[in-house]
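Peer 1: Counted the way our numbering counts, the sequence shown spans residues 1 to 416.
No lab work stands behind these hints: they were computed from the structure. Heads up, some of the hints might be wrong.
What the hints assert, rightly or not - The list that follows gives simulated cross-link-like pairs (lysine to any residue, SDA-like), each with its CA atoms no further than 25 Å apart:
no.: 1; residue 1: K344; residue 2: P263
no.: 2; residue 1: K300; residue 2: V409
no.: 3; residue 1: K293; residue 2: E258
no.: 4; residue 1: K293; residue 2: T356
no.: 5; residue 1: K300; residue 2: D228
no.: 6; residue 1: K293; residue 2: R346
Since this is a predicted model, take the numbers as computed values, not measurements.
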Amino acid sequence: MARLRRPVEREGLRQRVVDRLIAVGLAAVAIAGLMSFAFGPRQAAVSRAACLIGSLGLATCRDELPSFEPVRLGEPRCRFLAELDPALPEVRTETVTLPSGLSLTTSRARSGDVWVQAGPPTATDPPAVLDGEQRRARYPAPGLEVPAHTEWLLPPGADLRQLATALQVRHDQEVRSRSAMALFARLVHPVGGPELPAPTVRYSRLSLDSAPFPVPLETSESVPGKDDHLALDRGRPAMTAYRTTQRELAVIAPIAGEVDGRPVAGVVRWIRDEESRLTGVLIMVVADGSLIKSAPELEKSISVGYVGLPIRTDGERELAERWLSDRAGFGVSTRELFGLAAPKDRLTGWLSRAATVTVLRYRGIASATALGRASEEVRLARRADWPEARLVSVQQVAPRPDGTARTAVDDPGCGW
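Work out the full structure: start from the sequences and follow the hints.
Peer 2: Following this line, the structure appears as structure tokens:
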């Protein structure tokens with residue numbers, strides 16, 4: 001009887017194996033049928049799900065990383081825009097999607113610097129770190145924990161693919177840890193791989209009534225009542241950007257005031273190095289119409305003006321420290337800044353000798369939209385072309401180290 005049972009058992013085992021193969025085949029046909037009716041991303045998701053189910057979560061089940069061939073910017077449109085690059089570099093922004101579904105937004109400058117954001121930007125304001133607020137974590141993809149309001153700044157020559165690989169590996173480890181055989185998965189695929197580097201740029205919010213801002217003599221949310229003058233706009237918070245690699249801190253504060261009797265608004269940014277020394281100041285102002293009094297009138301146009309002020313000597317640094325720490329708050333006369341008036345004091349004399357003023361005139365964009373976009377570009381320390389707006393002219397007021405009168409010059413290669 002035992003001899004008769006063994007062939008029967010073997011036949012039953014063989015039949016069960018055949019039944020399971022048939023079931024797997026039918027499942028594969030069903031999955032293939034579903035994929036034939038799905039779009040590309042859904043096909044990838046179905047394939048990934050089938051792979052994970054079939055391997056019990058042990059396989060990586062992902063495609064290869066996309067290509068990260070550097071796509072560099074072309075030459076600047078004109079000389080004046082090229083000279084603006086050191087203060088606010090122009091970038092080309094692209095978004096790529098990793099196999100995990102994580103999107104990486106890269107912004108590449110002509111210098112080779114690349115800024116990388118993982119996932120969509122955080123919509124909320126940055127935390128007030130100096131006031132004790134904690135930086136929250138965000139999860140742009142499963143298994144990826146990234147501090148909010150941060151990004152990576154990769155210097156020229158750094159491998160973007162290494163960062164993308166580290167992000168993808170973190171995601172794969174999370175997927176395997178959730179499989180039906182998570183413990184065995186850790187034995188087969190131990191946790192490891194390239195270490196995910198910490199973000200190198202961290203943004204924070206800063207109150208205008210706390211350090212490093214002075215407390216005004218008369219606290220008010222409005223701009224001091226001075227004609228043709230710029231001052232801190234205390235109705236809005238300031239921001240900071242700290243670069244861990246250079247140990248460099250930038251403070252970006254909102255400003256408002258008047259130019260030729262017309263209201264204007266913008267931001268001022270100053271930078272301190274690892275020894276807390278000031279290294280440069282950038283002022284950005286947006287106005288309806290012209291910023292420079294001698295400029296020709298252009299109907300339905302707005303101006304975006306940039307004033308770049310490098311700090312090279314100890315004397316300039318001392319003057320800048322006194323200017324930015326005045327108890328009445330940051331302030332400067334726009335008559336000397338944009339009106340080309342003769343300097344009347346030590347500060348405006350320094351601006352005349354050292355500052356480069358670049359004014360971009362646009363059509364097809366509202367001043368409020370331009371203000372929000374230009375302010376964000378100064379905060380992020382990079383700018384991009386505005387395809388929906390028409391750049392009609394670019395003017396520059398060059399510094400005059402010899403103290404002679406300044407003049408505004410048009411660059412004919414800049415406009416359309």
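Peer 1: All the hints need checking, so say for each whether the structure fits it.
Peer 2: Each hint, compared with the structure:
| no. | hint | result |
| --- | --- | --- |
| 1 | K344 <-> P263 | holds, 23 Å |
| 2 | K300 <-> V409 | holds, 21 Å |
| 3 | K293 <-> E258 | holds, 13 Å |
| 4 | K293 <-> T356 | holds, 16 Å |
| 5 | K300 <-> D228 | holds, 22 Å |
| 6 | K293 <-> R346 | holds, 23 Å |
The structure meets every hint from the earlier list without exception.
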